[in-house]
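On the provided structure of chain A, position chain B as indicated by the hints.
Read top to bottom, the protein sequences are chains A and B. Sequential numbering of the first sequence, starting at 1, is according to our numbering. Sequential numbering of the second sequence, starting at 421, is according to our numbering.
I should point out that these hints are in silico values taken from the structure, not numbers from a laboratory. A couple of the hints might just be wrong.
Which stretches of chain A does chain B cover? Using the computed rule of at least three CB atoms under 8 Å from a CB of chain B, they are [as the list claims (entries may be wrong)]:
id: 1; region: 155–164
id: 2; region: 236–242
id: 3; region: 245–257
Not the full set, but computed from the structure, chain A residues with beta-carbon under 8 Å of chain B [claimed, not checked]:
id: 4; residue: K3
id: 5; residue: R218
id: 6; residue: I219
id: 7; residue: S233
id: 8; residue: E313
For glycine and all other residues, C-beta sits at the position ideal for the given N, C-alpha and C.
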Amino acid sequence: MFKLEKKDAILLLIVALMLIFAPFILNPFPENSGLAQFNAGYPDLMQRFVFFGIFAIGFNILFGLTGYLSFGHAIFLGVGSYAAIWVMKLLTMNILLAIIVAIIISGLAALVIGWISLRRSGIYFSIITLAFAMMSFALAYSVLTPITGGETGLQPKVTDPRILDSALLAGDTPKANLFGLDMTATYNWQVGDWVFTFNVGYYVAAILMFLCFYLSIRIFSSPFGMMLRAIKSNQQRMNYSGLNSKPYTLAAFVISGMYAGLAGGLMVAMDTQVGPERMFWTASGEVVVMTILGGAGTLVGPFLGAGLIKYMENIISKINVGVLHDWFYWLPDWLENFVVTIIYPFVGKGWNLTLGVIFMLVVIFIPGGLVEGIRRIINWFVKRKNISASREITDSDNMQQAGEIQQAGEEAASRGKNNG
Amino acid sequence: MAEAAKNIVLHIADVHKSFGGLHALADVDLAVEEGKTHAIIGPNGAGKSTLLNVIVGKLEPTRGKVVLDGELLTGKKPHEINQMGVARVFQTPEIFPELSVLDNVMISAFAKRDGAFKLNIMNSLESETDIQEKARKIIIDFGLDKQINEHSGALSRGHKRRLELAMCLIQEPRLLLLDEPTAGMSRHDTSTTIDLLKEIKSTGMTIVIIEHDMHVVFSVADKVSVLAGGRIIAEGSPEEIRASEKVKKAYLGEAQ
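So here's chain A without its partners, still in its complex pose:
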């Protein structure tokens, strides 16, 4: 399928199914149950999963493959957003053009910033990108207010020229669309106590994310991707093997910048507004955390990391004192208060604290991220299954066969380890 190796094709298929059935997967709890607050299948959040999924997948092409740790990639998220909003103000509300322009402009920005930052490597590179992130925020926030709208940001107005669109009727508001298809159009499907929401904007974004993921697989399995890994591994050998590493790192930087630009453009396409906080330097840090949490250098890791963080940011943060008391009402009062007092700092506004703890645990115990964690669990099951199979046979006094099966199991386990 699509000129892919079987393993990659399966992965792509899984991601496609996840994207298609996300409204079901993310809404596992009935609407009226107490668990409904853990449902994440509403358009706004599903879209956010996709935006940050794309952002992290792109970032991973730079950081995961070449090892260059950029602390400035939210710049391109912001540049893409501002570019898209200006297309919507000046040209058309059709999101296709906005997204294309967002990718191009952020690519150009990445070319300039990458060309400068990549004169250094390691910590110096990271610090230069961080400096760019801070400067860009300052520019967007104050210096370039005529272009960026400063603190308030920008959004399309009825009075904007939009020379490619026909004039709006009186009382109409400009709506983001794809050749007339309204991005905010939503269909609710009620099945018993469950409500599943299907949103046009989400599916448009999901298709783009699918393409992004496909491109990422291509890069990972191409000679180009191999060169990026070589850069991470040993630049000295690369140079003495006749390769100039600079154009490769720059290409990776620009590609990841364009991914970020696409994500930024999509954000604008869906909620038609932008503010400078989108490129604040902590946003650049967030994508680093996403990538490492999910597994830097793996294909699905960054997407998983982005999903986990956005889920926590939106769902865990909603758990307040009242909700906690509801959960623990069955405890004796004094114990209930005690438990709530202990847990409360970690939920609600304190969700970052939980994230920090999870992040530390992952980095310390499974440095390969969530992907490595999943792989370990699978290997453990494979091994256990094989051992129990061999035990049964041992009981029936057939030692030799048991040994063979166990060996096969160990081989399978080690194969699993190597494959991933």
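This is chain B only, laid out in the frame that chain A set:
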């Protein structure tokens, strides 16, 4: 071919290199003939590594020039010099430790084929059958077929050296530079490396080798230059060098 045998592949002409007041190399003239193995020996600090670094473009000479097949190398960058046909083996093997043996060799092969930057993302590694086959063949030739999918960082030192040599030779270089290829090796690994070098030599490869171990030098070299204090103090066949009083003195630290 008889005429070609006298071709000078590498010509180092009047090269000086000084670091501040220290003259690491002075008046170095060296001509390496095609198909010959030219050893450069000398006591520690004689300037052997500096000379090698000048050849590959890591250091620029203060004066003089380095010429490969009539083309000037001086002033070019290491990757450009490699593309012109100079491959280098380092004292501690420089490989891609996180990548598999096969990947290591394939990167080298891609570098040779594609030369400069190429954004070829529509080809998968598996579809590059030419490169795959070529890499597998040389890996088998170098006896690394059992380790082909192992992380190269986990190889023994002897195997790392073999891998590095394979990475250099898949590029079919015009000139192979060896920086102490047996440094830190066991006696057994050293003797297998000598056999390997003899084999490489028998293909007609032009080699410059820097080596401490005189046993290795006298086993493989056709010509030996002795460097001491940044100057070439003797040059000749291995037999001549072995008999030279001047060289013995240099090794005892009495030169100049």
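Results for each hint:
1. 155–164: With 0 residues closer than 8 Å to chain B, the region 155–164 of chain A misses the three-residue bar; violated.
2. 236–242: holds (count 7)
3. 245–257: holds (count 3)
4. K3: Holds: closest Cβ of chain B sits about 7 Å from K3/A, inside 8 Å.
5. R218: 5 Å, holds
6. I219: 5 Å, holds
7. S233: 4 Å, holds
8. E313: For E313/A, the interface hint is violated, since the closest Cβ of chain B sits about 33 Å away, which is over 8 Å.
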